[in-house]
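Visitor: Next come the chains, spelled out residue by residue.
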Amino acid sequence: MSDLVKNIIRFCLFILVQVFVLNQIPPLHQLVTPYLYFLFILWLPFKINRRTLMLLAFMLGFALDSFTKTYGLHSAPCILIAYLRPFLINLLISQEGAESNYNEPSIKSMGFTPYFTYITILTFIHHTLLFFLQAMQTGGYFYFIIKTLLSTAISLALILLTELLFVRKQRFRTNTI
Amino acid sequence: MRNIFLFIRVYFTFIFFLFLMGLSFYLLFSYNRYHNAIYSTVAGEITGKINKQVNDVEYYFHLKQTNDSLVKANEILYSKLKENYEIADTANKIAIDTIRVDSIKAQKKYLYMQAKVVRNSVSQPNNYIVLHRGSQQGIHADMGVIGINNAVIGTVMEVSKNYSVIMSLLHEQSNLSARLLKSGETGTIVWDGADPKILILKDVSKTVKVTVGDSVVTSGFSDKFPPGLMVGVVSKIISEKTSSNYVVSIRASANFENLQYAYIIDNLQKEEPQQLLKKVKSK
Numbered sequence: 001m002s003d004l005v006k007n008i009i010r011f012c013l014f015i016l017v018q019v020f021v022l023n024q025i026p027p028l029h030q031l032v033t034p035y036l037y038f039l040f041i042l043w044l045p046f047k048i049n050r051r052t053l054m055l056l057a058f059m060l061g062f063a064l065d066s067f068t069k070t071y072g073l074h075s076a077p078c079i080l081i082a083y084l085r086p087f088l089i090n091l092l093i094s095q096e097g098a099e100s101n102y103n104e105p106s107i108k109s110m111g112f113t114p115y116f117t118y119i120t121i122l123t124f125i126h127h128t129l130l131f132f133l134q135a136m137q138t139g140g141y142f143y144f145i146i147k148t149l150l151s152t153a154i155s156l157a158l159i160l161l162t163e164l165l166f167v168r169k170q171r172f173r174t175n176t177i
Numbered sequence: 178m179r180n181i182f183l184f185i186r187v188y189f190t191f192i193f194f195l196f197l198m199g200l201s202f203y204l205l206f207s208y209n210r211y212h213n214a215i216y217s218t219v220a221g222e223i224t225g226k227i228n229k230q231v232n233d234v235e236y237y238f239h240l241k242q243t244n245d246s247l248v249k250a251n252e253i254l255y256s257k258l259k260e261n262y263e264i265a266d267t268a269n270k271i272a273i274d275t276i277r278v279d280s281i282k283a284q285k286k287y288l289y290m291q292a293k294v295v296r297n298s299v300s301q302p303n304n305y306i307v308l309h310r311g312s313q314q315g316i317h318a319d320m321g322v323i324g325i326n327n328a329v330i331g332t333v334m335e336v337s338k339n340y341s342v343i344m345s346l347l348h349e350q351s352n353l354s355a356r357l358l359k360s361g362e363t364g365t366i367v368w369d370g371a372d373p374k375i376l377i378l379k380d381v382s383k384t385v386k387v388t389v390g391d392s393v394v395t396s397g398f399s400d401k402f403p404p405g406l407m408v409g410v411v412s413k414i415i416s417e418k419t420s421s422n423y424v425v426s427i428r429a430s431a432n433f434e435n436l437q438y439a440y441i442i443d444n445l446q447k448e449e450p451q452q453l454l455k456k457v458k459s460k
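Protein chains in written order, with my numbering: chain A, 1 to 177; chain B, 178 to 460.
Source of the hints: derived by calculation from the structure; they are not laboratory data.
Nothing here was measured: the structure is a model prediction, and the numbers come from that model.
Some clues are possibly wrong.
Said to hold, decoys possible - Under 8 Å between C-beta atoms, here's a sample of chain A residues computed to sit facing chain B:
#, residue
1, R51
2, T52
3, M54
4, G61
5, Y71
6, L73
7, L133
Stated by the list, open to error - A few chain A residues that don't get close to chain B, going by computed Cβ distances all over 10 Å:
#, residue
8, T33
9, L92
10, Y102
11, Y143
12, V167
13, R168
Stated by the list, open to error - Pairs of lysine to any residue residues, derived as SDA-like cross-links and limited to a Cα-Cα distance of at most 20 Å, are as follows:
#, chain 1, residue 1, chain 2, residue 2
14, A, K69, B, L200
15, A, K69, B, K293
16, A, K47, B, T190
17, A, K69, B, S207
18, B, K229, B, K293
19, A, K69, B, F206
Just so you know, even glycine gets a beta-carbon here, dropped at the ideal spot from N, CA and C.
With the rest of the complex left out, here is chain A (with noise of 0.2 Å):
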């Protein structure tokens, strides 16, 4: 399969699982609502185009908005996130030749601990941002930033979940046949 074809279905999967699953599921707790979708910019090849990139990511934001009918409040996080990967993956691979040798950001592809790292930041930065947006000035310092931290802890449980039960094939590449 294709890059294109692939990445096509995953952005309707995300979308989808987001909106009539992740999206349906009575919270478990006012402070927590779980995020999947924006895995699907953490999972973009490494040799994507930068502004390719934030479109592809306005897109998704924008996707998700039509459907909770909130314009504008899921993309801007995305656009961040997708603005802010380059320079994280470019600190925190540690693999020589990584990004050459493999397609996308990966367990294996980076070792666990910098792709958890690079997991862990995107996925904060996102929730910060959103949650912002959605609480403005209302709710209070406390609020937001225990929202923030419950949810980020929440969504990763998810992201590893998410891992360990769709594994992804990374063949190694190299240019010597």
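The hints should help you fit chain B onto chain A, whose structure is shown.
Guide: For chain B alone, coordinates are given in the frame of chain A:
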């Protein structure tokens, strides 16, 4: 010039990022009711403060006219004093009510609150007036606003803590129910966007006799204004060939170009008829 292009090329990704962020914030603030409300309250408070500073200076240049109009208003009030009326027939006896109960208070319908005009415009197709009095001083949306010579100016649209924005009669969506004082025929006051001195009275039936110089007053059908407040004087009558109505041009009584103070009218009995209507409609 070359450097500008170079700059754009080097930072294109960042500019693109800012552009997309700006786009999503624009969507956020214009399509979500809640965020829109926050934006307009905060923005209204800030721009209101700036307008106040500018107006403090501008106010001095209008002191003379303000003073003149206040003197005129005073003159009218003086002439209404009881001492100025004398009854010729001494057979009438003036009886004084001795009951100590203040029976007027419960019946009071309209409350007037003065406010300083901080910003005003007449040249736009949609004009707004900003008053330095807001929700903390008892202003809500949909209250009527009149000038110091009791002429209608507009209605309150949006309120922040200390400021309120008035939709002037000089506004495309302005819609005021008015009545010809002589014949009692009602119509709607609108503005065509051309001359700030001229308003237009629509929907006056051709069966009514209208003459130049007739007074046009508020009808009292809206819950914002008491009946009988001046709106203007008929200046020109155009007979519409396609319909059975007149279009009447009106010289506005309010001087929109020089507003310094205004009164905001609070209808204290607004709720009751509204609830009654709601009850009837829900049946």
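Visitor: Next step is simple, just say for each hint if it's right about the structure.
Guide: Hints, one by one, checked against the model:
Satisfaction of the interface hint for R51(A) is found here, the shortest Cβ-Cβ separation to chain B being roughly 5 Å, below the 8 Å cut-off. The beta carbon of T52(A) is not positioned within 8 Å of any beta carbon in chain B (closest approach about 10 Å), and the interface hint is therefore violated. Annotation: interface hint on M54(A) holds; nearest CB of chain B at approximately 6 Å, less than 8 Å. Given the 8 Å rule on beta carbons, the hint for G61(A) holds: about 7 Å separates it from the nearest Cβ of chain B.
The interface hint given for Y71(A) is met, as the beta carbon of that residue sits about 4 Å from the closest beta carbon of chain B, less than 8 Å. The interface hint given for L73(A) holds, since its Cβ lies 6 Å from the closest Cβ of chain B, which is under the 8 Å cut-off. Hint status for L133(A): holds, given a least beta-carbon distance of 7 Å to chain B, under 8 Å. The beta carbon of T33(A) sits about 17 Å from the closest Cβ of chain B, which is more than 10 Å, so the claim that it is off the interface holds.
Interface exclusion of L92(A) from chain B stands, the closest Cβ pair being 20 Å apart, more than 10 Å. Listed as a non-interface residue, Y102(A) keeps its Cβ farther than 10 Å from every Cβ of chain B; the least gap is roughly 23 Å. For Y143(A), the shortest C-beta to C-beta distance to chain B comes to about 16 Å, beyond the 10 Å cut-off, and the non-interface label holds. With a least CB separation of 33 Å from chain B, V167(A) remains clear of the 10 Å interface cut-off, as annotated.
Against the 10 Å criterion, R168(A) stays outside the reach of chain B, whose nearest CB is about 27 Å from its own CB. Restraint check for K69(A) and L200(B): the C-alpha separation of about 16 Å stays at or below 20 Å, so the hint holds. A C-alpha spacing of about 40 Å is found between K69(A) and K293(B), which places the hinted pair above 20 Å, so the restraint is violated. Restraint check for K47(A) and T190(B): the C-alpha separation of about 15 Å stays at or below 20 Å, so the hint holds.
For the hint pairing K69(A) with S207(B), the CA-to-CA distance comes to about 12 Å; that is within 20 Å, so the pair holds. In summary, the hint linking K229(B) to K293(B) is supported, as the alpha carbons are separated by about 9 Å, within the 20 Å threshold. Taking the CA atoms of K69(A) and F206(B), the gap is about 13 Å. The hint holds against a cut of 20 Å.
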